[in-house]
Structures are given as C-alpha cells and as structure tokens.
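Please build the complex by placing chain B on the supplied structure of chain A, with the hints as guidance.
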Amino acid sequence: MQPVYLDNAGTTPPSPAVIQAISQAEQETWGNASSTHFFGRHAKQALENARIVLANSINAQPGQIVLTSGGSESDNTAVVQTALARQHLGKHIITDQIEHKAILESMKYLETLGFDVTYLPVDETGHVAVADVAAALRDDTILVSIMYGNNEVGSRQPIAEIGELLKDHQAWFHTDAVQAYGLTDIDVVADHIDLLSTSAHKINGPKFMGFLFESDNVHFKPLIKGGDQEKKRRAGTENVPGVIGFATAVKALTPAVKAARQAQFAHFKQMIVGALQDAGIKFAVNGSLAPTELQHVLNLWLPGVPTDALLVNLDLAGFAVSGGSACTAGSLEPSHVLTAMFGSDSPRLRESIRISFGSINTGAQIQDFAEKLVQIAGKMQTKNAQVLS
Amino acid sequence: MARVLQTFFCFYRRQSRKDGDLMTKPNAQTRVVVGMSGGVDSSVSALLLKEQGYDVIGVFMKNWDDSDDDGVCTATQDWEDVAKVAAKIGIPYYSVNFEKEYWDRVFQYFLTEYKAGRTPNPDVMCNKEIKFKAFLEYAEKLDADYIAMGHYAQKMVDTDGVAHMLRGADGNKDQTYFLSQISQEQLAKAMFPIGGMEKPHVREIAERAGLATAHKKDSTGICFIGERNFRHFLSEFLPAKAGKMMTPDGQEMGEHTGLMHYTIGQRSGLGLGGNGTSNEPWFVVGKDLAKNILYVDQGFHNPRLYATSLTATGTTFIAPNNRGNDFHCTAKFRYRQPDVGVTVHLQADGQMTVDFDEPVRAITPGQAVVLYDGDECLGGATIDHAFTHERELQYV
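Taken in sequence, the protein lines are chains A and B. For the first sequence, my numbering gives the first residue as 1, with consecutive numbering after it. For the second sequence, my numbering gives the first residue as 1001, with consecutive numbering after it.
One chain only, chain B, in its complex shape:
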C-alpha cells in the first residue's frame, strides 16, 4: 500500500505543476461538488476536501422513487444524514433528483438484461450514466472544477496529463470494478479523497470529527432494491415464467421459478443432494432461454462451471490503450474476486476475446470483465459469452 500511496502523491504533485489552468487555482477557489450518499465514505470525503481548503458543496442524488413503498424507505434517512454531516462540516448541501435519468438509463438496461437471461450490473451502469455523467453535468452547471465521490479508487495524472485509475488502497474495499466503464473525460473531472485509505481509518476520521454517519452500517445490495427481497422486487416489473429444471443429460429435476432468478454458479437451492450421483450440492450450470430450461448439476467445482475464455462487448479504456490489440494483463470477472492472468485480443466495434491463464469458475454474461495492469484499472467490457476450449458454455 505504501508504494501505491507514494506513486499517488508523486503523480499528484506532478499534476499540480502541470495542469496549468486548473491547478494554479488555489484550493479555496477550486469548487468541488461531492456526491454525498449519507454514508460514511462520502461524508469523510467531503470532510477531507473541506479541511484541504476547497470550496466544497455537498449534493445528494435521489435516484429512485421509493415514496410509495410501505416497506423500506431509506432515502429520507440518508438525506437527513447528509444534512447533519454537511452542517457539521460547514458546507452547503442540496439534493438533486435523477429519478428519470436513473429509470431511463440504468433501470431499463437492468430489466432488458434480465429479460435476456443475463445478470446485469446496475452499479457499473449507475457510475457510468448517473454519478459520472448526469451528476457531472449538474455539477458543471454549478461551476464545479471537480466532482468527488466516496469511492475506494485512486486517480493519478501522468506527465502527459492523462488520468489513470488505480485500485483503492484498501484491497478489501477496492471499487474500481464498478468504475471500469468511466471515460478519460469523466475521470479527469473526478476526485476520490478516501481512495488512499483503509476503511477502518475512514471510520476513525468520521468518529474523531463527530460525524453522524461514523457508525452507520454500509449499504448492501443494489441501491434501488435496498434490503428488500430481490425476487419479489423483480416480480413487480418482470413476469417470472416457471419452467423445467434439468441436468445437462436431460434428466428432469423439478421446476425453476423463472430463469432470471438464477445466476450461473449459484447453489440451485434444490436440496436434491441424495438424488444425484453423489451427495454434493447442486449448482446452476446453464440456461436455455428459448426453451426456458434451467440446467443444474452437482459439485461446486463442476467442470461445466469452468471457462477458459470469454467474449465481451462495449470495451472501453479509461486511459488510451497503448498496449496494442493483443496483450497480457490481469482481470476480474466479478467484484472482490482475485485477479486472474489473461490475454486480451481486441477486435473491431469494441468487442474483445479474453483467454484465461487458468480456468475460471462461473463466468456470468451481463457482468463486467475488468482489466488491470498492476494497480491500474485499464477499463472493461460486458461479458457476452463464456467458452471452455472453444466450446461455448450454455449460460444464456
């Protein structure tokens, strides 16, 4: 971590000298609009910027209308927390409504992907379309020089003025996976004040400053679903179509409640232990959307769950790619998974093939494949298909 920090500060200083226009501005005249969620990470981000003397404005994004739900309604509480924290820090704070943008650009994508039998990642899309787009545009209307977020990610600007994104210093919290689709222009305008810290330290700072969110529980799950039952939520928008659950050999094993309820590699919840050829638990190993069949098989390490390559679309690089069309690096296929060595083959139209150094379990269409070189997050794409030795795994 020390090394990362050193690199970070080193580049940061260099940035200070380089980027004339913005950087000759003293902090007091540099306006930073902080996305405040009502959580401890964004609270401390705002605090740190204020302490560094920036002209800080806190803005809460209201992305989901949960006012009619009789169940969980966290936005109001979160807004109250933003108000408390901002008042304590001594910064003006506001709320902006992105419900329409979120609905159109994130939620519709989310539903479309589920309808296609895939497992979307709305957090990746939310960063790309809302936090680093709609919010950035809004902040620019407030004459912001930068936006800041409470993400565990780091930014450095090289001697050519190109912004690079590095993993958060807290390996356990690193959020670059979710930020992998943002562009150079978006990153250039972003600050991640806590990216160089470990989570316990962030909480310590919050506690020391007496921020109301110091002990607030981290949010879990997808922002608009919150703590609600996921299947129930989804059923309000998409009709679930029950169908057959089968082994790959064609043996009927019962019913599934709707293909969208299952993700490749998850326990099938069958409790079929004794019915198979062993006592091993059953896992989802494939889907046939056309026939509405869910394939299940036994064993966590079932060979049908292991892929050796994938194809992906919508490839974006955060900093311009200077590695050519074929190169070796590491990759993540889901959040908080250890990196795997891969060879990337870029193709036309943002498509790419990724060959793994070793087989990888449960590659999931719809999720992001994110590329890294050491600590740098290079960018990513959306997984379309998984293959084992050229043969496609039937995952959608």
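Chain A with its partners taken away, still in its complex shape:
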C-alpha cells in the first residue's frame, strides 16, 4: 500500500501544475529581476504578473505584496519590524496564546527589548474572544497579532470583528493566515487588515516562499537588509520561479474550489469521527466540528493512547499524521495550543493527534485510515482497561 499523507497542515506536495510552472520558469525566466537587460526585464515581467495574482487573492494591490521566504519570515517581519518602527507610539502589543511559534518567539524577543506583550487566552474550542481584545487594548498598543485560523485545531478567529474594533485605533492589525489562505476567502480591505502572512507550501506551492501583505499605512525598515528589491522592503534576489509556482497554486484556489475543499474535508472529519463512534472508541475532538472552522484539521484526543506510540504505529502502517511539533532530539513537545485550551495538566497533551487533509486525499484513503485508527486505538484502550480492572 502507498503511504497515505494526512499531515497537510505541516506541508503539502506541490501540484503537478506548480511543478510544471516552476520547471518551465527555471528554464525560461531565470534572469535576475533587478537587472536592466533583456533577461532581467523578462524575469521582472513574470514576477510582477505573479504578484498581481497574489494581490488579487486577498483583495490587495500588487504594490502591497512583499515576497518573503515564507510564513516565519512574514510573521517575524510583521511583528518585530512593526514594534521597532512604532515604539515612539507605545510599547504594548496584543497577541494570543495559540499563535504559531514564529509569532510567539518574535514576541518573546520583543519582551527582552522592553516591550509589553499581552497573550490573550482562548476558550476550550480554541477561540479568542473579541471582548478580550477590546479589554486588553490600550492607548499605547501599537500592534495586535491574531491568527486567521489555527494550525493545530483549525479554530477560526473572529478576524472581521477584530478588524472592525481596531480600524480607528492606532494599533496595526496583523494576522497570520498561513493555514486559512487556501481554504477561505480573505478580504484585507473589508476586514481592515494591515498586515497578513502567507506561505506557499501549505497550498501546494513551493517551499521557502510566501508573502507579507502590507497596507499602505504600514511603513517599517526591512528585516532582511541589502539590495533594493521589493521596493526596499525585502532584500535578496527574487525567487522568480518560486513566485510563479506560488501564483500557479493560488490561481487554482478559486472561491468555488476553496468551498468544495471545506465541504470535502468536513466530510472526511465526519467519516473518521463516525468510525470511532461506531467502534466504541473513547475520544473527544480538540476544538470544534462547527462548519465555520478550518476543516482541514481534525485534532483528536484518544484517552489511554499515548501520542508517541500511536504516531509510530500509524507510520509503520503507512499513515502520516502529526502529534505536535518536534522539539530537541526528535521528541514531542507538549502542544502549547492544547495547553492554552485545556491547561498544562490535561491528559490531552500526551494523548492527542492531529490529522490534516489536503487536495491529494481521497475518501478511500480516509476510510482506510479510520479503520487503522480504530484498530490501533481500540487495542491500546482495551489493554489499558485490562490493566485498570
């Protein structure tokens, strides 16, 4: 049996169209886009065409799209450079406890520089309350960074409401949309978003590629210093083939495609949850099964089934899922997202897995997976029951 990939929140395979586009660009459009000669102009044109596609995808202008190496660079730039540029206006920043590490580590760094960061809690379904944002907001708040949707539990944050709340406040509004970008329609104008991070490899594009949207009122010094590329906002020779691949992936994600994926992944979730229920497996969903959430992530708590052993069993059986982020020496770190949702003493921290769907998955694969999961989890739960009785 071919191994089944169910870790699409981690990364996704580049689509055949993307591979084709990049391959062609590497042969035809390899010039340095900053060069004034023919080769450069040719690359520059391709680059700008791709930028238009990226801008359109979130209702932005091409000049507002800064190409980066991906989500982490976009997040670091948005958080750290904003803080450095606006410290004369205040040193207070608001974020939440379930952000990606690229945000949280940037915040920690800013704290060492004397910034005051508020980490908002989330409820048991992984949601930030707009009222909490409003309550935390101060006159000296310069940035609010709340993710669009969470990578571990799929919870979607109230972005439009937070944008509305902040539109007349000095604080810039940043959202990490790395997970949401491929599944939901984003409108930076309607939602009053100032900064938005994306990553290409989460939507079947190439790795080491992404963009940071910067609205016109945003000005700060570049994180990566050097040449004048990207209107002096990000130095380094542009990865033209990469951007072309990124744009190819984005073009495939029409509103209809995104809606269809949400529906398909919701169905996958129901298949797995249904199979567990039918087999009498003890489990709970970490997060919510509501249709408004990002549907590509299903995070499950299986009481009595240690994450590490389950992951290995699934891997050996040919199913790739995730159990949180790997820390030193390949061992799993208790998830900070589940910790924020359930507390550091919760058994869920050691007995949960994340299954995440992508365009390559089929119903047959999900069925096979559900059967295997029932078999392995059932065996471990039965053994535990015997030990306890």
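Source of the hints: derived by calculation from the structure; they are not laboratory data. Just so you know, even glycine gets a beta-carbon here, dropped at the ideal spot from N, CA and C. Hints may contain errors.
To be verified - Simulated pairs of lysine-lysine, DSSO-like, Cα-Cα distance not exceeding 27 angstroms: (1) B/Lys1189 with A/Lys207; (2) B/Lys1115 with B/Lys1241; (3) B/Lys1084 with B/Lys1050; (4) B/Lys1241 with A/Lys383; (5) B/Lys1025 with A/Lys383; (6) A/Lys372 with A/Lys383; (7) A/Lys108 with A/Lys282; (8) A/Lys231 with A/Lys44; (9) B/Lys1244 with B/Lys1217; (10) B/Lys1199 with B/Lys1189; (11) B/Lys1050 with B/Lys1173; (12) A/Lys91 with A/Lys167; (13) B/Lys1133 with B/Lys1189; (14) A/Lys383 with B/Lys1199; (15) B/Lys1050 with B/Lys1199; (16) B/Lys1025 with A/Lys379; (17) A/Lys44 with A/Lys282; (18) A/Lys372 with B/Lys1025; (19) B/Lys1050 with B/Lys1025; (20) A/Lys379 with B/Lys1100; (21) A/Lys282 with A/Lys383; (22) A/Lys207 with A/Lys101; (23) A/Lys108 with A/Lys167; (24) B/Lys1241 with B/Lys1189; (25) B/Lys1100 with B/Lys1050; (26) A/Lys379 with B/Lys1088; (27) A/Lys221 with A/Lys231; (28) B/Lys1100 with A/Lys282; (29) B/Lys1025 with A/Lys101; (30) B/Lys1189 with A/Lys379; (31) B/Lys1189 with A/Lys383; (32) B/Lys1241 with B/Lys1088; (33) A/Lys167 with A/Lys44; (34) B/Lys1115 with B/Lys1025.
To be verified - Part of the chain A face toward chain B, derived, beta carbon under 8 angstroms: (35) Glu26; (36) Ser69; (37) Leu104; (38) Ala309; (39) Leu316; (40) Ala317.
Just chain B, lined up with the frame of chain A:
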C-alpha cells in the same frame, strides 16, 4: 571466549526449537525495537539485526532535558546520528521521551542516595526502570517481539525456557554489572546482538558498513551529567554542606566541601602528604553523616579501606535461584573490577550478607554487588554496609 560463544549459539539454537510461539516466527515477522543511543554499539546492533532479516525499528530515548543548558547538549547530536545510521541501514526510526520517567524513577533515587551519604549507581537503575521497563512497555505498544540493546552482555535460554545472562565476550567491556537488576521477564524480551563480540570488531563492522558512528567516541560518565563538572552539576540540586575533615584519631585535617562529593577509597585531594606520619597520599576512609565529618587516612592500602563482608538489600536474581540460601560464587562490587570469591547468605526481605574470600578495598554503600557463577551473571543487590571481621566500617 570461544567457549562462551559456543555455549551461546548452542543454547540459542535450542531456544529456536523450544520457544514455540515466538520462535516459529520467521525473522522477517519478528519485530525488534532497538534502543539506539547514537553510539557505535547500538548502531551495529541495529545493523546486525537488519542483516539477519528481522523487522527492525530504531528508537532513541530522550531521558534528560538539557535544552536549557548553555553548555553541553549532546542529545541533539546523538539524535542526528541515529537518523543517519538508521537511514543508512534502511530502518524506520523514532524518538521517545522518557524525561518524566527518568526524573521520577532514576534521578530522584540518585539524589536520595546522595543525600543519605551513599554513592548511587544511576546506570543500574536506568537499565532496570527505563531501558528494560519504560522502553519495553513502549516497544510492546509497537507490537515488538523483542527489544534489543547495544550492551556487552549475552543471553541464553536453557532447555526449560529460562533466560540466563552471560558476561559480554569482550571482558574489557562486559556490562552485566549494570544489567544485574533486570528480571527474568525483562531478559526474556531482550536481545544483545553485539554481546558476543569484542569492541574493535564492532567498530570494524560499523566502518565497513559506512555507519556515521563508526569512529564516534564512547560516551563517558553518567548519561545526564555528560562531560560536565560533577560537583557543579550536583550543587544545582543538592546544597553541599562543608564540614570537618578528620583523621580517625580525631585530628582535624581541614575542611571538606560536602560529604556527597566524596566516595570511599578516593584520593582526598588533600595534598597533605607531609602532615601525616608518612609521605603516603591521603584517602577517604569514612563518613559521619550525622556529624558531617569526613574521615581521611593515609595509604592506598589503609586497613580502614578493607572489608571482609557486606550487607545488601533489594536482592534480585535474573534466573530463579536454585543454589539454596547459602552458596559460594564470585562477585563484583564495582564496574570493571576483577571478581572476588564470596559466600552468600540470603535472608528474608531481599537482604543478604556476603562474606569475601579475601579482604576487598573500598566497598561503597549505594553501589551494586553483583554475583556471578562462571560466566553467568546471577543477579545483584545494593550495598548497604561494609564490615571488617564483624565490625562495621563507618562508610555512611
């Protein structure tokens, strides 16, 4: 060595015929989970099993959180080496976190023993509680038939299906001392693929197979302390209480930095040569925990360092003991020491008295006493007290 090997293979074959359930399974369907440390011994163990056609899975144990230390951080490098070796051999590999288990079951014991003025052996405890317990339980969750370790020890199963542990064929590397506390059930599930080899041969195999760990230096010291300064490490967990250093006659010789820093028989580091009755160096010959006094005296062969018997607790036998309560065998009192002839007297509650055929230097409370019959490691216990002709030596 030839004899040992012969015995080993002979019994091994017999085992193959006997243990129906497991042994009728062809190797390809026998799952072996190898504890891979990132060292050459476990690397070659995994390689040999793979070559023998077993269904091999490599697992790295992360037992100590050293991520916050700005100093030595070897776990990451070790894990990288496991990845390289496993990829080369062509086996899946994973990492399992036993930091909590290690902290609760090994490190707490380690600290408690030091607080009691004794010298614990965390490697013995690590084998008993982690490698052959937590790890074995984990491997069973992966449907393992066996676990395998890169220890220099050998296993044979007799005609009654009882597993026995034999010394590693490399006398210089034999690790049965550290394995002396494991049980019959634990040993029954274990394999030691390099136990019948000499270390240079193991390195040769690694080199020939192009394993990244072929020339890696052997780890030294206790796993969680690594190459760090031991006193400094200990001081992070236990407050050291300085006190008087005295001769057994009551003469004050200066200060000690804390009783836990000293082990019976070690050079006291006094540099007091000229102050005594001779020019001989000074050694730690006793401790008084209640009064916080360290006793020192002159001469490596100082009579206060020689015991004729000991008492021990927590006696375990690897294979059921059929020698009665009183028997003669040989024993080791620390790693890599030559065996000494002893007479064992078993008592109730896992206690035993061990009388030595000849006086033994620096018997250390907290260390393991391990019993042997020829090449077989019978089991062991933890040393509590040392005596010279019925009189207790003041070692704790």
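Status of each hint after checking the structure:
1. B/Lys1189 with A/Lys207: Violated - the C-alpha atoms of A/Lys207 and B/Lys1189 are around 44 angstroms apart, more than 27 angstroms.
2. B/Lys1115 with B/Lys1241: Holds - the C-alpha atoms of B/Lys1241 and B/Lys1115 are around 11 angstroms apart, at most 27 angstroms.
3. B/Lys1084 with B/Lys1050: The given pair, whose Cα atoms are some 15 angstroms apart, holds under the 27 angstroms limit.
4. B/Lys1241 with A/Lys383: 48 angstroms, violated
5. B/Lys1025 with A/Lys383: 23 angstroms, holds
6. A/Lys372 with A/Lys383: Holds. A/Lys372 to A/Lys383 sits at ~17 angstroms (cutoff 27 angstroms).
7. A/Lys108 with A/Lys282: At roughly 38 angstroms apart (the allowed maximum being 27 angstroms), A/Lys282 and A/Lys108 break the hint.
8. A/Lys231 with A/Lys44: 13 angstroms, holds
9. B/Lys1244 with B/Lys1217: 40 angstroms, violated
10. B/Lys1199 with B/Lys1189: Judged against 27 angstroms, a Cα distance of about 24 angstroms means the pair holds.
11. B/Lys1050 with B/Lys1173: 24 angstroms, holds
12. A/Lys91 with A/Lys167: 19 angstroms, holds
13. B/Lys1133 with B/Lys1189: 11 angstroms, holds
14. A/Lys383 with B/Lys1199: 40 angstroms, violated
15. B/Lys1050 with B/Lys1199: This hinted pair holds, its Cα atoms lying about 19 angstroms apart.
16. B/Lys1025 with A/Lys379: Holds. B/Lys1025 to A/Lys379 sits at ~22 angstroms (cutoff 27 angstroms).
17. A/Lys44 with A/Lys282: 56 angstroms, violated
18. A/Lys372 with B/Lys1025: 24 angstroms, holds
19. B/Lys1050 with B/Lys1025: Distance of about 16 angstroms is within 27 angstroms: holds.
20. A/Lys379 with B/Lys1100: Answer holds: A/Lys379 to B/Lys1100 is near 25 angstroms, not above 27 angstroms.
21. A/Lys282 with A/Lys383: 13 angstroms, holds
22. A/Lys207 with A/Lys101: Within the cut-off at roughly 18 angstroms; holds.
23. A/Lys108 with A/Lys167: Holds, at roughly 26 angstroms.
24. B/Lys1241 with B/Lys1189: 44 angstroms, violated
25. B/Lys1100 with B/Lys1050: 31 angstroms, violated
26. A/Lys379 with B/Lys1088: 32 angstroms, violated
27. A/Lys221 with A/Lys231: 11 angstroms, holds
28. B/Lys1100 with A/Lys282: 25 angstroms, holds
29. B/Lys1025 with A/Lys101: 47 angstroms, violated
30. B/Lys1189 with A/Lys379: 21 angstroms, holds
31. B/Lys1189 with A/Lys383: 19 angstroms, holds
32. B/Lys1241 with B/Lys1088: 51 angstroms, violated
33. A/Lys167 with A/Lys44: 35 angstroms, violated
34. B/Lys1115 with B/Lys1025: Roughly 49 angstroms between the alpha carbons, so the hint for B/Lys1115 and B/Lys1025 is violated.
35. Glu26: 28 angstroms, violated
36. Ser69: It is violated, given that the least Cβ distance between A/Ser69 and chain B is near 24 angstroms, above 8 angstroms.
37. Leu104: At about 16 angstroms, which exceeds the 8 angstroms cut-off, the nearest Cβ of chain B leaves the hint on A/Leu104 violated.
38. Ala309: At about 4 angstroms, which falls below the 8 angstroms cut-off, the nearest Cβ of chain B leaves the hint on A/Ala309 intact, so it holds.
39. Leu316: 7 angstroms, holds
40. Ala317: 10 angstroms, violated
Hints 1, 4, 7, 9, 14, 17, 24, 25, 26, 29, 32, 33, 34, 35, 36, 37 and 40, counting from the list given before, are not met by this structure.
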